[in-house]
Amino acid sequence: MPRQTLDREIHHLQDEVLLLGSMVEQAMLNAIDALKRRDHDAAKRVYRNDELINEKRYAIENRVLILFATQQPIAHDLRLLAAIMEVITELERMGDYAKGIAKISINIGDDDTPIPIREISRMGDLAVGMLHRALGAFIAEDVNMSYRIPKDDDAVDELYNQVYRKNLAAMIANPEIIDHSNYIMWVVHNIERMADRVTNICERTIFIATGELLEIDVSDDEWDEDEEEE
Amino acid sequence: MQPRIRWRSVLPFLLLIITAVLVYALASLNTIRQEEQARWEAHFLNLSQLMAVEAAERIGTPAEAASLNQIAERYADPLGVAILFLSPDGAVLGSSSPPIEDPPNPALVTQAQQAGRAARLDQGNLTIARMIMRGNEVVGMVYLQVPRAGFRADLSQLWGLGVVVVLAACLAGLVLSMILHDYALKPIERLTIAAQQMGNGTFHTLDFPETPQELSALNQSLQEMAQHLGDQIDALTSERAKLSAVLNQMTDGVLIVDLDGRVQLLNPAAERLFQIDAIDALGRSVVEVLRYHQLVELWRVAKEGQQQTTMIEIGPQHLFLQATGMPLKTSDKGSTLILFQDLTQLRRLETVRRDFISNVSHELRTPLASLKALGETLQESALDDPPAARRFIIRMETEIDNLTQLVNELLELSRIESGKVPLSFHRARPCDLLRPACERMELQVERAGLNLALDCQPDLPIVFADPNRITQVVINLIHNATKFTPPGGQITVSAYQDGEFIVFFVKDTGVGIPKEDLGRIFERFYKADRARSGGGTGLGLSIARHMVESHGGFIWAESEEEMGSTIYFSLPVA
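Top to bottom, those sequences are chains E and H.
All residue numbers for the first sequence refer to the numbering used here, where the first residue is 290 and numbers rise by one.
All residue numbers for the second sequence refer to the numbering used here, where the first residue is 305 and numbers rise by one.
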């Protein structure tokens, strides 16, 4: 296949990554919205639509593998395709976080214990905004932007800590809502993890542009670099 | 380019001139040469006659040889010829010196014997044989050999003249034709320049030349064409300017995408909606520009030829968009137009309106439900128990008062909002606006276990206000502060000058207002903390805002949760 075909395929793959990212962003926002409005139908839709995200991820993966096999890409192309493989994995995982929130929303049901929805919405907006910009930088290979985005994670962590303290106080005051508070902790944890994973996408962008694989240093803790939610 | 055209037209003329002159020169030279040759031959024939006559007298005399030789010498030298005298039987009687080496040409001799004379031009030499007669008797023969050299010299001179004439004619022809061509080509060159300028987009200020008749039709057509094109382009430009003004100024986003999914056009509204520069976006894929899969889906549907409209909420900014994708039939095949209407603001207003109605209904329903319950209880049993009945009636009265207050405030608000409340402005000292409010609220504040302090500097500039209304606003603010401050707290009422405004504020040490609510507390029915919303209609701050704004002032709030809030409002200095 001539060079042009490879370029076209890569452009197409980049578009597909953006679409996958858009689906994940929407899933996260919808999940939080469903939680806010206690809209179980919407939550179920998010839960079901995760399947579409997974399918798209595998479709992209397949195409990348075919390109590897038929084109033997080198240098920049190779890094880009490898990074795409990594990024779609991250995106799929973020989709799972959204699905997790939808699941919690269904579990909470009609329990009308107040939810710190303002903080949760704000966290969601921040994390989704980070993802949106990170994917933009990924396509544009904007290294500067990729260094800046992970800094926004601090605001997400700050909100996480706020909800954590509030929840803790509420649980101490009223042990009956421990279950509920736990659910809320899961929700904010999912959002917080999503924001952390955006950092990985930024690292991949830097990798494509410079060929360097490095860990962007965010002040955040490394100890919860776990693999939950599988 | 221009010289080539010139040379191309000059060259044939030159060739023509050269050919004509050459042909003429050749023809005339030939004629001249023939005539000259004939005359030359005749001349030597005549000379041979003279020699023959002279020789006839000498032949047969004793000094025959010497005298013949003498004759030969006399003629030969000045004429440059060789002469031979022969006897009829062919013996040499005399000759010029040096003698002719070749024997006389027998054919010529024979011819002369028969005709009396003969001439022959052979390889440049003229040979003449003439019989010498005495009476009717042949006594000998004179034989002449004339070299051609003299004759040739004459001709070469003529040739030289021919060449000079040809050159002169060529030069003259060249100069003339150049002058003529300049005259003919100049207008064409200027027409060419005019056409080039048209190509560069100049139509109205073109300089058209005066042209000879042959070109005037072309000139005329070009001028008309320039005029038409100029007018049409002007019309198109102005049309385009209008369209682009519309496109740039319209609040709806517009996007045009080609068949391959590349963005071809993006107006400023779309730039704002999707936070992208048109310069960056043009030529990029629609996915990269829009970034939302629902919108990309809309584009795909439109590309297939179907118009579709969807409402979607996108991104962390929670933009609420109505997007319409439609195929562009008039322009390139496969192009699509996508229109975006930003309905975020509209939807927010819709939410406010819906909330308002639901709030009003809720606020009305609560006292009505109490009234209903109280009435029913009264009807069923309490009538028999007069003290209980009285208690019930007092509670009913309270509920009715609440309802009345709510309805009054709603009416008041709607009157203020529609600008129907007459304000009677007076010059007033800021302290005089604050003091009555504090006095009226003193008791209530004390009862709530709070401390109320009025801190007002009497030398503040005078403001222009309706004192009753402003006092009402302050009472309202103190009332709010009382509700949200736990016992033991402090409420401070004060004012200060800030440029052209006097800023009044009511500060408490209460529960505070969450940051997210600060902007919304002046909305109707907005209650920051629903759990505490037992008292009040949620209209107080809204009324205060309208009142302050109709005075030309502003109202705002600062707060820190758990530390207290401060509500400020400003009035312009009189």
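Among the hints, erroneous ones may be present.
Derived, one-sided and incomplete: chain E residues facing chain H with beta-carbon distance under 8 Å [said to hold, decoys possible]:
no. : residue
1   : L295
2   : E298
3   : H300
4   : L307
5   : S311
6   : I404
7   : R407
8   : D414
9   : V417
10  : G418
11  : H421
12  : I466
The set of hints was computed from the structure by calculation and includes no laboratory data.
Every residue, glycine too, gets a C-beta built ideally from N, C-alpha and C.
How the hints compare with the structure:
Given hint, L295 (chain E) at the interface with chain H, is violated; its Cβ is 16 Å from that chain's nearest Cβ, farther than 8 Å. Of the supplied interface hints, the one on E298 (chain E) is violated, with its beta-carbon coming no nearer than about 13 Å to a beta-carbon of chain H, more than 8 Å. For the restraint placing H300 (chain E) at the interface with chain H, the shortest Cβ-Cβ distance is roughly 7 Å, inside the 8 Å limit, so the hint holds. This hint holds: L307 (chain E) has a C-beta 5 Å from the nearest C-beta of chain H, less than the 8 Å allowed.
For S311 (chain E), the interface hint holds, since its Cβ comes within 8 Å of a Cβ in chain H; the closest pair sits about 4 Å apart. The restraint placing I404 (chain E) at the interface with chain H is violated, with a minimum CB-CB distance near 13 Å, outside the 8 Å limit. At a threshold of 8 Å, the smallest CB-CB gap from R407 (chain E) to chain H is about 5 Å, leaving the interface hint in force. Interface restraint check for D414 (chain E): the shortest CB-CB distance to chain H comes to about 4 Å, inside 8 Å, so the restraint holds.
The interface hint given for V417 (chain E) holds, since its Cβ lies 4 Å from the closest Cβ of chain H, which is under the 8 Å cut-off. Against a cut-off of 8 Å between C-beta atoms, the interface hint on G418 (chain E) holds, since the closest Cβ of chain H lies about 4 Å away. Interface hint status for H421 (chain E): upheld, as the beta-carbon distance to the closest one in chain H is roughly 7 Å, under 8 Å. For the restraint placing I466 (chain E) at the interface with chain H, the shortest Cβ-Cβ distance is roughly 15 Å, beyond the 8 Å limit, so the hint is violated.
Hints 1, 2, 6 and 12, counting from the list given before, are not met by this structure.
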